[in-house]
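S.K.: Following the hints, put chain B in place on chain A, whose structure we already have.
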Amino acid sequence: MMLFMLLFSRQGKLRLQKWYVAHPDKLKKKITRELITTILARKPKMCSFLEWKDCKIVYKRYASLYFCCAVEQNDNELLTLEIIHRYVELLDKYFGSVCELDIIFNFEKAYFILDELLIGGEIQETSKKNVLKAIAAQDVLQEVSTPEDNYEL
Amino acid sequence: MDNFRSLQNENIKKIIKRKLPAVFQVCHWNRLKTKGSQKHGTSSGRWDERASGLHFGYQKFKEAEIKRINKELANIRSKFKGDKTLDGYQKKKYVCKLLFIFLLGHDIDFGHMEAVNLLSSNKYSEKQIGYLFISVLVNTNSDLIKLIIQSIKNDLQSRNPIHVNLALQCIANIGSRDMAEAFSNEIPKLLVSGDTMDVVKQSAALCLLRLFRTCPEIIPGGEWTSRIIHLLNDQHMGVVTAATSLIDALVKKNPEEYKGCVSLAVSRLSRIVTASYTDLQDYTYYFVPAPWLSVKLLRLLQNYNPVTEDPGVRGRLNECLETILNKAQEPPKSKKVQHSNAKNAVLFEAINLIIHSDSEPGLLVRACNQLGQFLSNRETNLRYLALESMCHLATSEFSHEAVKKHQEVVILSMKMEKDVSVRQQAVDLLYAMCDRSNAEEIVQEMLNYLETADYSIREEMVLKVAILAEKYATDYTWYVDVILNLIRIAGDYVSEEVWYRVIQIVINRDEVQGYAAKTVFEALQAPACHENMVKVGGYILGEFGNLIAGDSRSAPIVQFKLLHSKYHLCSSMTRALLLSTYIKFINLFPEIRSNIQDVFRQHSNLRSADAELQQRASEYLQLSIVASTDVLATVLEEMPSFPERESSILAVLKKKKPGRVPENEIRESKSPLPTQNNTQVNNHKSNNVSSNADLLGLSTPPSNVNSNQGTLIDVLGDIYSNGNAAVHNAKKFIFKNNGVLFENDLIQIGVKSEYRQNLGRLGLFYGNKTQTVLQNFTPVLIWSAENALKLNVQIKPVEPTLEAGAQIQQMLTAECIEDYSDTPSIDISFRYNGVQQKVNVKLPLTLNKFFEPTEMNGESFFSRWKNLGGEQQRAQRVFKAQQPLDLPAARNKLLGFGMQLLDGIDPNPDNMVCAGIIHTQGQQVGCLLRLEPNRQAQMFRLTIRSSKESVTSEVAELLVDQF
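Chains as they are written, first to last, in UniProt numbering: chain A, 1 to 153; chain B, 1 to 963.
Just chain A, with the same shape it has in the complex (with noise of 0.2 Å):
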């Protein structure tokens, strides 16, 4: 079961979280705080598997992204990798091309794709097709439902 995503760019800021234990906040910032000062401070061929407290950290890096799993000692940590690259793929296929910015102003989106390929920190939905059929999904209903929508400050 994976216990957390983390999404942070090589200036350590972070992108996205999506946690699947209930932690306190003070606690999911130490530990983001730990974890990327851990793995900024690692070399590009290193290993991308470490351990960490009781739990394995999988991460990878996608330009200037950092994508980082935490997993539980039993999970295979070849296929939590596979999970980033899906999602990355995900991402790239809903946006075309991602970038940081897509994920920093199109958050709510980067979630909703999440949540369709993990709940609980289980993969739900390995189909790229599927995945990319439900957002569809979404997309049209919000536009049917809300076709006044013109955004004015």
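No lab work stands behind these hints, which were simulated from the structure alone. Among the clues, some could well be false.
[To be verified] Pairs of lysine to aspartate or glutamate residues, derived as EDC-like cross-links and limited to a Cα-Cα distance of at most 16 Å, are as follows:
no., chain 1, residue 1, chain 2, residue 2
1, A, 45, B, 417
2, B, 566, B, 531
3, A, 133, B, 198
4, A, 43, B, 417
5, A, 53, B, 745
6, A, 28, B, 417
7, A, 26, B, 107
8, B, 415, B, 451
9, A, 56, B, 107
10, A, 129, B, 282
M.R.: Here is chain B on its own, set in the frame of chain A:
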């Protein structure tokens, strides 16, 4: 999605505008993929211009950002509170802004109600944002949960699967007990009902799993069991994948009930592994058919051992496993790392199952050969996992020999890998594959590597080498050599347990004693040798020096001079041990008695600042003068054998790595040492040992090494459970001597102290709470030269590196020369992840530590009280009680303060009086105290009288406002 982008264009960019350079700095416009051009309306060009137009420092941006955000928050707050009711769109807009601000790292403490309202909106986009806010910002135990349950119920009943899924995702995201109770009917029904759509089933399975984890009663038993198991046969791969996760958790709870899943899982697995990659369409991932489902099924089967008793099922499973091993050998269908990762993920999980069953020698050996190939793979990840997996294979009797074939490659990995975590795995594997046949070689290689090994793994390696050497020693001279080499190469990392253990073994085995004495004697001749070597050398020569005394090169006087040449370079603890060695020499070698007595004389007087050493020297001196040869011989007889027990080092290693005990399989669990039931008791002698080890209680004698280690680890263990912001407790230490002095996220500083007359000893324990090494760790004593004339504080240097999770100890001695105010502090600086950190901690060395409590009766108390009536001898303070006035607590504090609490002297039973003497080098200052509580006013009146004005006022200062 464009809705929000328009929000972004106007609104967010407004937020961002001021902090743009900061954002800019962190964005770098790096694309995740480099293909394609800017697709979005936000042109980087425009932002660039703005960014370059501003030349603030980062701090300014930060301030500007905070200012801007506070303004925005105030605006949103006023909108929410305002008279005008907001429509759904506006609510959504502001809730969305709040989320954005939260994700930027700011705390959000309002907006929850508005989000809850959005849940019942009939516009999907509003509902969705409401749900998102709830899942991101609401805690499990929030009161809001009750409010949202009704909205979720409505959505669960919706005919639109998208709404149902939104609700399910929300339940799973929160996953609280309230949720479990509220939906314990609906969700199981959704899962197995025939009309539920596949997408909903998938979500329902995982949602149920999440609730089951919080609240196991939620799963209905009976007929539901088989319906849930049969989800493994579902047509839809997504449903099967999700259901397998659920079943895996259910099986863990109740293996018998769900046993039926085994054959279904094997059939499913069999269909997948024999499928061609085109069969499964979108469930094929980079040419690997359904890797996630395969891995989950393989995991599910690992819950049973044996997996199955049905030979047919077992046969099919073995076929599957063979197919997976075969496929691993096939040439890759793609060069992409995803292909190899997915394929190998399945392979590793299959190997896990093979190891778990541990019944198919053929498969085990094949698995081992497969992993052996990975040891020289280009991918660091694969090498890491192969080493890890082989560790498990090494513990199986079927594959142990096969693992050993790869010894050379593993040794190379240990030496050459660039990543320390991979090197660590190699060390673990070497440890696991070690047996009697290869022990000498592996131990030698580990010793060689130790000289250059990373600091972070040295201590553990030392333990491993020590264990292997002990476990597989056939020749104990080899064992002694290994341990002495350990001390020579990595003396700093040789913990007490290791050198205690070598002494225990030498004492218990006659045949090695002469060799040990000779070897330590030679080792001590090195111009610089580690203090641990001096300890072992001192102890062994004290016991067995006579065995080598026949040789003129190691004659008694030579041995003594050699040891004594190290004396001045050692810590007091080692010095104390050496003094014991010397007195033992008097017994072994009466001819050098006068030389030794000279040394005792030197250290028995005030020149030795350490009270323990002084006492030891003078007692040993007296013993050597007073006692007859017979008495001496009895008192100083050779140490009795230690009782046999599990190697204490092994216990330390297990504690060091909970959850991941490196296995060196205990097939022959017999201890290599013969059991000796020699319980010869010799009080004085055991005193001799334990007193040197038990110096001030800062260390423990060999016999309870385990418990000692336990407490140290516990100190660190606690940190993770309640690690919080910095805690600095100096004030409390006026009333106590031991405890946690300071704590923040990075380090914990504990103190143990003991005082005798005008002397004090403090042990400071620095614990590294982080996962990384603290570099340049330097504690510096801050105590002015002027103050040092009154209180002389000596501090021992410490190692400049503090390993992750480790604790080091620093000793301080203090000598009170005359009374003083203020207290010394320590500036601790270190580098954490390249960032310089600084911590200043006041030491609990207050004047009252040098109090000696004085018992006296009422009469003498009052006569002294009256005598000390002069203006300069009195001090009085009146102060408010801190909490509601608590007299028992006040009494406790006074008891810890160091003076004698005298009962029955003051006519008013509420009043407390105390007496004590402060010891300084030059004089002793008597001091009296009276503390009068006033319950009505909740006040205290404190009176101090002493013969010295400065003492009077300092004691009063220390105690004022403390009750």
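S.K.: All the hints need checking, so say for each whether the structure fits it.
M.R.: Here is how each hint holds up against the structure:
no.: 1; hint: A/45 to B/417; in the structure: holds (11 Å)
no.: 2; hint: B/566 to B/531; in the structure: holds (9 Å)
no.: 3; hint: A/133 to B/198; in the structure: holds (13 Å)
no.: 4; hint: A/43 to B/417; in the structure: holds (13 Å)
no.: 5; hint: A/53 to B/745; in the structure: holds (15 Å)
no.: 6; hint: A/28 to B/417; in the structure: violated (33 Å)
no.: 7; hint: A/26 to B/107; in the structure: holds (11 Å)
no.: 8; hint: B/415 to B/451; in the structure: holds (11 Å)
no.: 9; hint: A/56 to B/107; in the structure: violated (28 Å)
no.: 10; hint: A/129 to B/282; in the structure: holds (7 Å)
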